[in-house]
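Protein chains in written order, with my numbering: chain A, 77 to 350; chain B, 77 to 350; chain C, 77 to 350.
By construction, these hints were calculated from the structure, which means they are not laboratory data. Some hints could be false.
Just so you know, same-sequence chains aren't split out, so a pair can sit in one copy or run between any two.
To be verified - Think about it this way: if two alpha-carbon atoms lie no more than 20 Å apart in a straight line, the pair counts; the simulated DMTMM-like pairs of lysine to aspartate or glutamate are:
#1 Lys237 x Glu181
#2 Lys270 x Asp185
#3 Lys174 x Glu147
#4 Lys270 x Glu158
One letter stands for each residue in the lines below.
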Amino acid sequence: MFEKLLENLKLNPPLVHNITNYVTVNDCANIVLASGGSPLMADDINEVEDIVSISNALYINVGTLNIRTVEAMVKAGKKANELGLPVVLDPVGVGASKLRNESVETLIDEIDFSVIKGNMSEIKALYTNAKNTGGVDVQEDDLIDDQNIEEAIEFVKKVAKKFNCVIAVTGAIDIVTDSQKVCLIRNGHAIMSKITGTGCMTGSVMATYCGSNKDDIFGAAVIAITMMGLSGEKAYEKIVARSEGTSSFRTYLIDAVSLMDFQILKEGAKIEIR
Amino acid sequence: MFEKLLENLKLNPPLVHNITNYVTVNDCANIVLASGGSPLMADDINEVEDIVSISNALYINVGTLNIRTVEAMVKAGKKANELGLPVVLDPVGVGASKLRNESVETLIDEIDFSVIKGNMSEIKALYTNAKNTGGVDVQEDDLIDDQNIEEAIEFVKKVAKKFNCVIAVTGAIDIVTDSQKVCLIRNGHAIMSKITGTGCMTGSVMATYCGSNKDDIFGAAVIAITMMGLSGEKAYEKIVARSEGTSSFRTYLIDAVSLMDFQILKEGAKIEIR
Amino acid sequence: MFEKLLENLKLNPPLVHNITNYVTVNDCANIVLASGGSPLMADDINEVEDIVSISNALYINVGTLNIRTVEAMVKAGKKANELGLPVVLDPVGVGASKLRNESVETLIDEIDFSVIKGNMSEIKALYTNAKNTGGVDVQEDDLIDDQNIEEAIEFVKKVAKKFNCVIAVTGAIDIVTDSQKVCLIRNGHAIMSKITGTGCMTGSVMATYCGSNKDDIFGAAVIAITMMGLSGEKAYEKIVARSEGTSSFRTYLIDAVSLMDFQILKEGAKIEIR
Chain A
77 MFEKLLENLK LNPPLVHNIT NYVTVNDCAN IVLASGGSPL MADDINEVED IVSISNALYI
137 NVGTLNIRTV EAMVKAGKKA NELGLPVVLD PVGVGASKLR NESVETLIDE IDFSVIKGNM
197 SEIKALYTNA KNTGGVDVQE DDLIDDQNIE EAIEFVKKVA KKFNCVIAVT GAIDIVTDSQ
257 KVCLIRNGHA IMSKITGTGC MTGSVMATYC GSNKDDIFGA AVIAITMMGL SGEKAYEKIV
317 ARSEGTSSFR TYLIDAVSLM DFQILKEGAK IEIR
Chain B
77 MFEKLLENLK LNPPLVHNIT NYVTVNDCAN IVLASGGSPL MADDINEVED IVSISNALYI
137 NVGTLNIRTV EAMVKAGKKA NELGLPVVLD PVGVGASKLR NESVETLIDE IDFSVIKGNM
197 SEIKALYTNA KNTGGVDVQE DDLIDDQNIE EAIEFVKKVA KKFNCVIAVT GAIDIVTDSQ
257 KVCLIRNGHA IMSKITGTGC MTGSVMATYC GSNKDDIFGA AVIAITMMGL SGEKAYEKIV
317 ARSEGTSSFR TYLIDAVSLM DFQILKEGAK IEIR
Chain C
77 MFEKLLENLK LNPPLVHNIT NYVTVNDCAN IVLASGGSPL MADDINEVED IVSISNALYI
137 NVGTLNIRTV EAMVKAGKKA NELGLPVVLD PVGVGASKLR NESVETLIDE IDFSVIKGNM
197 SEIKALYTNA KNTGGVDVQE DDLIDDQNIE EAIEFVKKVA KKFNCVIAVT GAIDIVTDSQ
257 KVCLIRNGHA IMSKITGTGC MTGSVMATYC GSNKDDIFGA AVIAITMMGL SGEKAYEKIV
317 ARSEGTSSFR TYLIDAVSLM DFQILKEGAK IEIR
């Protein structure tokens with residue numbers, strides 16, 4: 077499945093419109109480029125429709141939201157829906173504040189998303205209005221492991237049915253489902269949570285793959301998570317070998333995405349499709 | 077003193093709310109993670125109280141301020157005071173514009189700070205309404221060295237008394253005082269001023285240590301400055317050995333913070349407590 | 077010509093006020109420092125005049141514009157004109173949206189620019205109101221090579237005459253002209269378009285050199301482009317030697333600027349003055 081996804085991206089490199097937070101926006105732009113796409117980062121309400129119109133996919137990330145950008149997100153999302161472009165949502169930290177909950181609710185009401193991606197605490201907050209006291213991090217109760225994986229899968233399938241889109245839950249074991257098909261991904265490394273932006277970047281890579289693979293959104297979500305996880309493993313090996321720390325890890329993570337190809341992916345992917 | 081501070085952070089890793097500038101915000105988030113905390117970066121006035129409520133410390137940095145964020149800073153600061161959370165202020169570039177002076181005055185009037193951290197030009201501008209024509213850099217007249225250190229200490233003690241909090245002045249020799257105790261730190265390297273964000277990151281590390289060490293704010297300020305200075309020394313050694321430049325220095329600086337432990341700190345710290 | 081430009085910067089390191097986008101603002105600040113200047117990044121309309129007043133040059137970049145910042149840009153630009161400071165414009169993505177076109181038109185109407193820098197699609201959009209569907213990237217039709225270079229030069233000279241300033245067009249062959257003198261620069265590497273911010277950083281370096289070389293704006297534009305291109309070549313060599321990717325490339329690019337001197341520049345520059 078990866079071969080076709082990669083080939084489509086190479087043949088039709090997408091323009092990816094990102095409306096995202098100012099913390100990791102530079103990482104998001106660079107990871108789109110590293111993945112083979114071209115990033116557009118406009119967020120003013122007066123130009124988002126024009127920018128969506130020349131794009132192939134839209135990525136919405138609520139990391140540092142404010143009222144001004146939420147309106148721009150809605151406008152951009154509606155335009156993307158109208159034009160049939162894939163739209164990916166990252167509801168960062170939903171559950172941690174009233175503004176965040178209300179904004180994400182508005183986004184989901186107004187826009188048809190292709191993929192919603194988050195950690196388990198965020199996805200739970202989305203589905204059940206649970207409080208998310210971990211901020212942008214997953215809460216301990218929500219960690220996915222081999223003990224609770226079956227239960228987790230059933231839950232995520234329900235979420236996908238409710239929101240009628242692909243749901244991608246990142247964690248030690250990642251879960252991607254469109255409510256029917258399920259894919260588990262066991263790539264990645266714990267150190268990925270020791271830098272800011274791995275989640276945001278995963279969303280940007282997803283939007284990039286969606287942009288060139290409109291007919292396989294599920295596959296696009298899977299390849300993005302696998303690629304990021306595998307790149308995390310390679311980056312971790314490198315800092316261990318060189319006795320380096322978390323900032324070098326960030327550099328090598330993006331490096332690995334830029335150097336990724338079918339062969340590396342095939343050899344390193346730890347995925348299980350059900 | 078460092079052992080206890082490090083242990084508290086490890087036992088109770090803090091959530092650190094940063095309201096900061098869009099230039100170095102990514103570095104701030106990454107350095108909080110490298111220090112062992114977890115960063116939250118929300119700055120919309122409608123959610124800062126919710127975010128403060130799940131945090132253990134608040135860091136306010138006026139690097140790129142605008143009217144919208146100043147109001148959010150005040151709201152966040154008051155909430156933090158109400159909840160008894162430590163609040164660290166970095167009055168970046170105060171003295172360089174009327175807006176900056178007025179905003180910082182408002183912040184100091186409305187919020188009880190635990191630590192105010194800046195270079196000598198900023199601290200002077202704060203205390204005496206001096207003009208700060210160096211922008212965000214320290215002015216030549218304000219450099220601290222062995223010749224003027226005694227005079228500088230007396231001045232900083234007065235500032236600490238006036239603002240009733242710990243004052244941390246960074247420079248070739250750093251001075252930390254709560255108006256009684258004084259600590260001088262002689263770690264660091266001149267190249268630290270050749271990248272943006274060392275000051276901001278120092279503030280974020282301070283807030284991180286304050287978050288886990290509410291009962292030793294003075295110590296938290298000292299360990300943060302020492303750790304950053306020592307990390308600067310280690311990063312400088314590395315770029316010299318590898319013939320690299322300022323951007324590699326930035327990477328290795330954050331790396332060194334992420335690799336820091338009691339042993340390294342004990343061996344490398346050049347501190348003098350009076 | 078480079079020797080004098082470098083010497084002036086060393087003798088009078090400039091304070092460079094950047095009003096730029098939130099995607100690459102950190103890179104811009106770091107490249108100003110790597111070049112030997114000191115960055116100021118304020119963009120609130122209530123302080124830009126104060127900040128311009130202590131600066132030596134102003135850089136305006138419309139990468140992520142919004143109405144608030146356009147007003148601040150105009151105010152800052154007028155103040156810079158009043159004080160006789162060089163002002164550099166980077167009309168990022170002009171042609172891609174109505175807001176972008178109108179904003180850039182306003183800026184050009186209200187401010188006297190010393191240099192306007194962009195890729196060929198942007199410069200064409202500026203001159204002919206052409207649509208720029210490539211977003212922030214150059215469109216294929218607008219690539220400059222040895223076949224169309226003469227035609228391109230004549231066009232850029234016309235643009236320089238129309239806007240009465242130095243025009244710097246970046247591409248595989250860069251063109252700098254004040255409508256009379258022309259300089260072609262053949263430094264650089266294609267990988268430079270695989271990271272975000274090379275264009276923005278080039279603008280910041282230009283403003284830095286302009287700040288210390290008010291009497292040789294043409295030369296300042298040429299040295300900035302040459303230095304960035306040559307640094308790109310050196311960074312590329314390094315990642316090839318170390319089997320690294322695009323993020324390491326970004327690090328080494330800034331490194332190379334920070335390590336640049338007259339000797340390196342003299343040996344590596346591929347410039348042709350006509």
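Going through the hints against the structure:
1. Lys237 x Glu181: Within one copy only: 16 Å inside, 48 Å across.
2. Lys270 x Asp185: neither (33 Å within a copy, 36 Å between copies)
3. Lys174 x Glu147: both (16 Å within a copy, 18 Å between copies)
4. Lys270 x Glu158: neither (38 Å within a copy, 30 Å between copies)
Checked against the numbered hints listed earlier, the structure breaks hints 2, 4; every other hint is satisfied.
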